[in-house]
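K.L.:
This is what each chain is made of:
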Amino acid sequence: MATVELRGLCRRFGNVVALDHLDLEVGSGEFVSLLGPSGCGKTTALRIIAGFEWPDSGEVLVEAKDVLGQPANKRNMGMVFQAYSLFPNMTAQQNVEFGLRVRKQSHEVRAQRARELLELVGLGSALNRFPRQLSGGQQQRVALARSLAIQPSVLLLDEPLSALDAKVRVQLRAEVRRIQQELGITTLYVTHDQEEALSISDRVAVMSQGRIEQLGTPAQIYSGPRTAFVANFVGTMNQLEGTVVSMEDRVVRCGPLLLSVPDPTFNHPAGETVELFLRPEDIGIEVLSNGTQLVPGQFEGRVTSLTFLGPVTRVGLTTDIGPLLADVSSAVALNLAADTVVAVKLDSASLRSIAR
Amino acid sequence: MAQVTAADAARPKDHRFRRARNRVPVWHVIWLVLAALVFLVPIYSVVQFSLAGVQPGQSPFHWYLTVFDDPMFRSSFWLSIQIALETVAVSLVLMVPTVFWVHLRLPGLRPVMDLISILPFVVPPIVLVVGLLPFLKNITFLFVRPEVLSLIYVVFALPFLYRALDAGLRAIDLRTLVEAAESLGAKTPRTLLLVILPNLRAAIIGGSLLTIAISMGEYTVASLLEFNTFPVYTYVIGTSTAYEGVALSFISFIFVWAAMLALYLLGRGGRSAAAVAITDYN
Chain R
194 MATVELRGLC RRFGNVVALD HLDLEVGSGE FVSLLGPSGC GKTTALRIIA GFEWPDSGEV
254 LVEAKDVLGQ PANKRNMGMV FQAYSLFPNM TAQQNVEFGL RVRKQSHEVR AQRARELLEL
314 VGLGSALNRF PRQLSGGQQQ RVALARSLAI QPSVLLLDEP LSALDAKVRV QLRAEVRRIQ
374 QELGITTLYV THDQEEALSI SDRVAVMSQG RIEQLGTPAQ IYSGPRTAFV ANFVGTMNQL
434 EGTVVSMEDR VVRCGPLLLS VPDPTFNHPA GETVELFLRP EDIGIEVLSN GTQLVPGQFE
494 GRVTSLTFLG PVTRVGLTTD IGPLLADVSS AVALNLAADT VVAVKLDSAS LRSIAR
Chain W
3 MAQVTAADAA RPKDHRFRRA RNRVPVWHVI WLVLAALVFL VPIYSVVQFS LAGVQPGQSP
63 FHWYLTVFDD PMFRSSFWLS IQIALETVAV SLVLMVPTVF WVHLRLPGLR PVMDLISILP
123 FVVPPIVLVV GLLPFLKNIT FLFVRPEVLS LIYVVFALPF LYRALDAGLR AIDLRTLVEA
183 AESLGAKTPR TLLLVILPNL RAAIIGGSLL TIAISMGEYT VASLLEFNTF PVYTYVIGTS
243 TAYEGVALSF ISFIFVWAAM LALYLLGRGG RSAAAVAITD YN
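Chains R and W, in that order, give the protein sequences. According to my numbering, the first sequence holds residues 194 to 549 in order. According to my numbering, the second sequence holds residues 3 to 284 in order.
In case anyone wonders, no lab produced these hints; they're calculated from the structure. Watch out, some of these pointers could steer you wrong.
[Unchecked claim] With the C-beta cut set under 7 Å, the calculated list includes, among others, these residues of chain R facing chain W: (1) F245; (2) W247; (3) Q263; (4) A265; (5) N266; (6) M272; (7) A276; (8) S278; (9) P281; (10) F291; (11) I343.
[What the hints assert, rightly or not] Cross-link-like lysine-lysine pairs, in silico, BS3-like; alpha carbons within 27 Å at most: (12) W/K189 / R/K258; (13) R/K297 / R/K267; (14) R/K297 / R/K360; (15) W/K189 / R/K297; (16) R/K267 / W/K189.
Just so it is clear, CB atoms sit at the ideal spot from N, CA and C, and this is done for glycine as well.
Using the sequences and the accompanying hints, generate a full structural model.
P.N.:
This is the structure in structure tokens:
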């Protein structure tokens, strides 16, 4: 399997900058997701790798060879599209065989490979069905099998699950990952769904305005966002504004609270305004009954909203340091209602700071 | 999923809904009958007239037999068919790649194509021919050959074929299909042949049918250029023997209907035929 390297890719569409000196290295057999909002350039990057777009400048190296001079049909890259792309006039088997037919493989080889791959994607019994006879999820499975039939050096997936309903999407993304690991194929996956990206990738590149904001493992991206954009785009974050009191002790004043930031990379001089980020699951709340005193580290909050999310309930709070969201067990949330006064405690070990 | 209980299964089916659903409003029937009369009465009149005026002892199809016996009928009919087929071939060879390319790579040109495609509607055939005659007379080798009619009919058929192909290409996700084929290693001609054309079958057949109908029925240009095509022959016969002329008109109807039926059947079997073609490829 191949390595992929993007070096300084730039692409403009009129006045719109789609890619702004994009650099990325994907290791052999690695699964990397390009994650970002609409218009961040992730699909443009993928289409340039596939050969359907051309950059204004930069390089695309596959196995250390620049492929920008090659047309799409010479790059040997499998691609699964967001839109259903099966050829309507061909059966599932004929679709999967198409790439092999172009490569002048014998009928026996084609048929056997198509059967194997359709078995791999769980559609061994749908060989003779036309696309119109398949559900959306089945069509994307066939499209995946078709892209794998040519034994591509790189597999490119452009939001392949976005047209599917939620349950099928979750099921199919697990299958995509299983198949990718089984075949060990280098894969680039474009999505705007952070949950999807975090759940199936070896690494995630969060993109914004044509650049990679942060590249890291799903855990690194989730727990250690390095920019405000990543913090806000990936998952839900509480965002607090504070002023650095001591750089050495990593203490920040946030309203009436003095918070100790555990981030070892904290490097902001005293007096600088920083933004602190904290996940809702890192905030604990307790109902304050009459006469109960706040313990050190706690501060008072008032419930403003309750959103049931299944196992947890997201609680909206107003506090002296600003509005907060906290996730509590739905069983605990049964004791809460609007205007309930609660004791709030931040898990300061999870606090992240980003300079403004 | 909801389970069907034994009580549900035992419950007698209520046929009121089916009856209500199947009931056809009386106004629909009236409009349908009126529309049918508008089409059928002239055809019935044509058939009745073509069977009239027969002497005692002659076949009721006398005028048809007379027409079929006329060598001029056969020659004019085959000339028109030949011109119609040439027109279809030239039109498809010109238009399919052009419309494909405009849709795929030059979508900004679509308004221009739309405008060009309606020009034959705007310019009357007689004006077009009067304008073309001096030019055609300069290229005498073409002027005296019936193929020149095919070239002119390509222009007449342009709006119909273009619209059919345009609608066909809009109905498919052309860019995604082409890119999918390219990512699998196919070059554009193969993509066009194996992926796009089979999915444009209905549009191609519809456009071809209209092209045939136009070619088979065009009189003005053929008459001015002095080619004895089927419409010209029909007119000439009609001016001398009304019965034979009407019989010829009905033969023309039958031919167009047969062509429509054949193309319809071809189009209906398109998917399976395309699948066979793909299987046989290589």
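K.L.:
Hint by hint, note whether the structure agrees.
P.N.:
Status of the hints after comparison with the structure:
1. F245: This interface hint holds because 5 Å falls under the 7 Å limit.
2. W247: violated, 14 Å
3. Q263: violated, 11 Å
4. A265: holds, 4 Å
5. N266: holds, 5 Å
6. M272: holds, 4 Å
7. A276: holds, 5 Å
8. S278: Holds. Min distance 4 Å.
9. P281: holds, 6 Å
10. F291: holds, 5 Å
11. I343: Hint holds; R/I343 Cβ to chain W Cβ min 6 Å, cut 7 Å.
12. W/K189 / R/K258: Answer holds: W/K189 to R/K258 is near 22 Å, not above 27 Å.
13. R/K297 / R/K267: holds, 15 Å
14. R/K297 / R/K360: violated, 39 Å
15. W/K189 / R/K297: Roughly 14 Å between the alpha carbons, so the hint for W/K189 and R/K297 holds.
16. R/K267 / W/K189: holds, 9 Å
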